[in-house]
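Protein chains: 2
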Amino acid sequence: MPAVGKVFLVGAGPGARDLITVRGARLLGEADVVLYDALVTPEMLELCAQAVLIPVGKRAGQRSAAQEHINAQLVDCARQYARVVRLKGGDPMLFGRADEELTALEAAGIDVEVVPGITTAVAAAAAARQPLTKRGVARSVAFFTSSTAPGEDDLAAIPSTDTLVQYMGGREAIATAQRLLAQGRRPETPVLVLENVSRPDERIARITLAQLALGLDTPHGPVLVMLGEAMAARAQQPT
Amino acid sequence: MPAVGKVFLVGAGPGARDLITVRGARLLGEADVVLYDALVTPEMLELCAQAVLIPVGKRAGQRSAAQEHINAQLVDCARQYARVVRLKGGDPMLFGRADEELTALEAAGIDVEVVPGITTAVAAAAAARQPLTKRGVARSVAFFTSSTAPGEDDLAAIPSTDTLVQYMGGREAIATAQRLLAQGRRPETPVLVLENVSRPDERIARITLAQLALGLDTPHGPVLVMLGEAMAARAQQPT
Numbered sequence: 206m207p208a209v210g211k212v213f214l215v216g217a218g219p220g221a222r223d224l225i226t227v228r229g230a231r232l233l234g235e236a237d238v239v240l241y242d243a244l245v246t247p248e249m250l251e252l253c254a255q256a257v258l259i260p261v262g263k264r265a266g267q268r269s270a271a272q273e274h275i276n277a278q279l280v281d282c283a284r285q286y287a288r289v290v291r292l293k294g295g296d297p298m299l300f301g302r303a304d305e306e307l308t309a310l311e312a313a314g315i316d317v318e319v320v321p322g323i324t325t326a327v328a329a330a331a332a333a334r335q336p337l338t339k340r341g342v343a344r345s346v347a348f349f350t351s352s353t354a355p356g357e358d359d360l361a362a363i364p365s366t367d368t369l370v371q372y373m374g375g376r377e378a379i380a381t382a383q384r385l386l387a388q389g390r391r392p393e394t395p396v397l398v399l400e401n402v403s404r405p406d407e408r409i410a411r412i413t414l415a416q417l418a419l420g421l422d423t424p425h426g427p428v429l430v431m432l433g434e435a436m437a438a439r440a441q442q443p444t
Numbered sequence: 206m207p208a209v210g211k212v213f214l215v216g217a218g219p220g221a222r223d224l225i226t227v228r229g230a231r232l233l234g235e236a237d238v239v240l241y242d243a244l245v246t247p248e249m250l251e252l253c254a255q256a257v258l259i260p261v262g263k264r265a266g267q268r269s270a271a272q273e274h275i276n277a278q279l280v281d282c283a284r285q286y287a288r289v290v291r292l293k294g295g296d297p298m299l300f301g302r303a304d305e306e307l308t309a310l311e312a313a314g315i316d317v318e319v320v321p322g323i324t325t326a327v328a329a330a331a332a333a334r335q336p337l338t339k340r341g342v343a344r345s346v347a348f349f350t351s352s353t354a355p356g357e358d359d360l361a362a363i364p365s366t367d368t369l370v371q372y373m374g375g376r377e378a379i380a381t382a383q384r385l386l387a388q389g390r391r392p393e394t395p396v397l398v399l400e401n402v403s404r405p406d407e408r409i410a411r412i413t414l415a416q417l418a419l420g421l422d423t424p425h426g427p428v429l430v431m432l433g434e435a436m437a438a439r440a441q442q443p444t
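If you read the sequences in order, they're chains H and P.
If you number the first sequence the way this note's numbering does, the last residue is 444 and the count never jumps.
If you number the second sequence the way this note's numbering does, the last residue is 444 and the count never jumps.
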């Protein structure tokens, strides 16, 4: 056992066991210990052939002390095990608090490698067969989250791209829709709302911006909201 | 052999053979025919155990008739083979002309499934160990391309997100930098320029927005430019 192990920040992808990368799957099989998020599915953990499994899940709303605890756990694990995997839902570098974990590991002199994952937005686009960009219609897409409460006047926080993808976009997406309408976006702008992408309980709903502004009937599970003219259904597209 | 086969639009990821998804790798192994882009690497094609391999690469600048030819080839292949894979660099739903291929296949009554891939931006973030979002600094990121020539006055085309990622961003990124400076962005805004992400000849350069506006020393290969305050190097970050 080496004095200090190596840590791999690995993206698990959206949930389905076979939507992790080949490299990520190999690292899970070889890992001595895997620290995993609440968003990682049980079937994904079956790929960990020999690892000690440590849940470090946080759900939105818990205080940030939890992140400091995870940072400390990562450093501790790297001092005990040769191959440490930190498995994160989606991609580690998008909305994954990777900066804090990288900073803590680097300060402790621990070697880190990042393995990308399928971020929910592209998995959602695949599931809905709805490209995020479209020639002549959409050549830019933004991925964003909102920490503002509905009703707050924060128009500047909505990106100016052709396609908008709001992560963790339940109540927050309703506020976004209200602001976009106030900014003059077409009420008929097509919207896709996706839950539990790539999982057995996946749900995909097609609505309009005006409908989104009135509320969402999808309170459970991680919700992703995609909107813009590129979200229009094709003439012969299967639902 | 069925009357009509099924087509899988599969994301190859950034190039490294093990950065395709497990599902994508399995489909390549099972495919009867694989139509692949110019951006797909030879080592990726080694995963095609039995398939007829058809290059359908287009490079930027070729006329769009090439896309119509690819659409027709896909329909023809689905009438000849049971399992057809259309293998695209990165992710099929981001800057991949997927809308045109899906429309053509659906019009011909052919079943299509999309398998997401690692888009270059997240592979680049992983390679540089540089998260695209960062708590308190960047909660939005845009992926975009520019079809405008340098010097054109098209300020509206630059998204308003915290982090900007310009795909195919060689000369175009220089124009973007000039426009951002004109809009008042800090000249010291950190910029990462990445070439051939995940491949043996990968190159990563750290510059500033002011330096980018003066030009790029990276004329070859697909160039990705990432910029914004979240691109600042950490104190103990390895280069």
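What the hints contain is simulated information worked out from the structure, not anything from laboratory work.
A portion of the hints provided could be inaccurate.
Stated by the list, open to error - List of simulated lysine to aspartate or glutamate pairs, DMTMM-like, C-alpha gap at most 25 Å:
hint	chain 1	residue 1	chain 2	residue 2
1	H	LYS211	H	GLU318
2	H	LYS211	P	GLU393
3	H	LYS211	P	GLU407
4	H	LYS211	H	ASP281
5	P	LYS211	P	GLU318
6	H	LYS211	H	ASP316
7	H	LYS211	H	GLU251
8	P	LYS211	H	GLU318
9	H	LYS211	H	GLU305
10	P	LYS211	P	GLU311
11	P	LYS211	P	ASP242
12	P	LYS211	H	ASP422
Stated by the list, open to error - Anything over 12 Å on all C-beta distances counts as not near chain H; from chain P, calculated:
hint	residue
13	THR226
14	ALA243
15	ILE259
16	ASP281
17	PRO297
18	ASP316
19	ALA326
20	GLY375
21	ALA435
22	GLN441
Even for Gly, the Cβ is constructed at its ideal location relative to N, Cα and C.
Results of checking the hints against the structure:
1. At roughly 8 Å between alpha-carbon atoms, LYS211(H) and GLU318(H) fall within 25 Å of each other, so this suggested pair holds.
2. About 33 Å separates the Cα atoms of LYS211(H) and GLU393(P), which puts this hinted pair outside 25 Å; it is violated.
3. The suggested pairing of LYS211(H) with GLU407(P) holds, with an alpha-carbon distance near 22 Å, which does not exceed 25 Å.
4. For the given pair, LYS211(H) sits about 12 Å from ASP281(H) by alpha-carbon distance, which is consistent with the 25 Å threshold.
5. Our distance criterion of 25 Å between C-alpha atoms is met by LYS211(P) and GLU318(P), whose separation comes to about 8 Å.
6. For the given pair, LYS211(H) sits about 5 Å from ASP316(H) by alpha-carbon distance, which is consistent with the 25 Å threshold.
7. Our distance criterion of 25 Å between C-alpha atoms is met by LYS211(H) and GLU251(H), whose separation comes to about 22 Å.
8. Restraint check for LYS211(P) and GLU318(H): the C-alpha separation of about 37 Å exceeds 25 Å, so the hint is violated.
9. Distance hint between LYS211(H) and GLU305(H) is fulfilled; the C-alpha atoms sit about 17 Å from each other, no more than 25 Å.
10. For the hint linking LYS211(P) to GLU311(P), the alpha-carbon distance of about 11 Å falls within 25 Å, and the restraint holds.
11. Distance check on the hinted pair: LYS211(P) and ASP242(P) sit about 19 Å apart at the alpha-carbon level, within 25 Å; holds.
12. Distance check on the hinted pair: LYS211(P) and ASP422(H) sit about 34 Å apart at the alpha-carbon level, beyond 25 Å; violated.
13. Not every CB of chain H lies more than 12 Å from the CB of THR226(P), the least distance being 5 Å, so the non-interface label is violated.
14. No Cβ of chain H comes within 12 Å of the Cβ of ALA243(P); the nearest lies about 18 Å off, and the non-interface call holds.
15. Its beta-carbon lying about 22 Å from the closest one in chain H, ILE259(P) satisfies the requirement of being farther than 12 Å from that chain.
16. Listed as a non-interface residue, ASP281(P) keeps its Cβ farther than 12 Å from every Cβ of chain H; the least gap is roughly 19 Å.
17. Not every CB of chain H is more than 12 Å from the CB of PRO297(P) (nearest about 7 Å), against its label as outside the interface.
18. Against the 12 Å criterion, ASP316(P) falls within the reach of chain H, whose nearest CB is about 8 Å from its own CB.
19. Look at ALA326(P): its CB is around 9 Å from the nearest CB on chain H, not clear of 12 Å, so calling it non-interface is violated.
20. At roughly 16 Å, the least C-beta separation between GLY375(P) and chain H is larger than 12 Å, which holds for a residue marked as non-interface.
21. Against chain H, the non-interface label of ALA435(P) is violated: not every CB pair exceeds 12 Å, the least being about 8 Å.
22. Once the 12 Å rule is applied to beta carbons, GLN441(P) is inconsistent with being away from chain H; the minimum gap is 4 Å.
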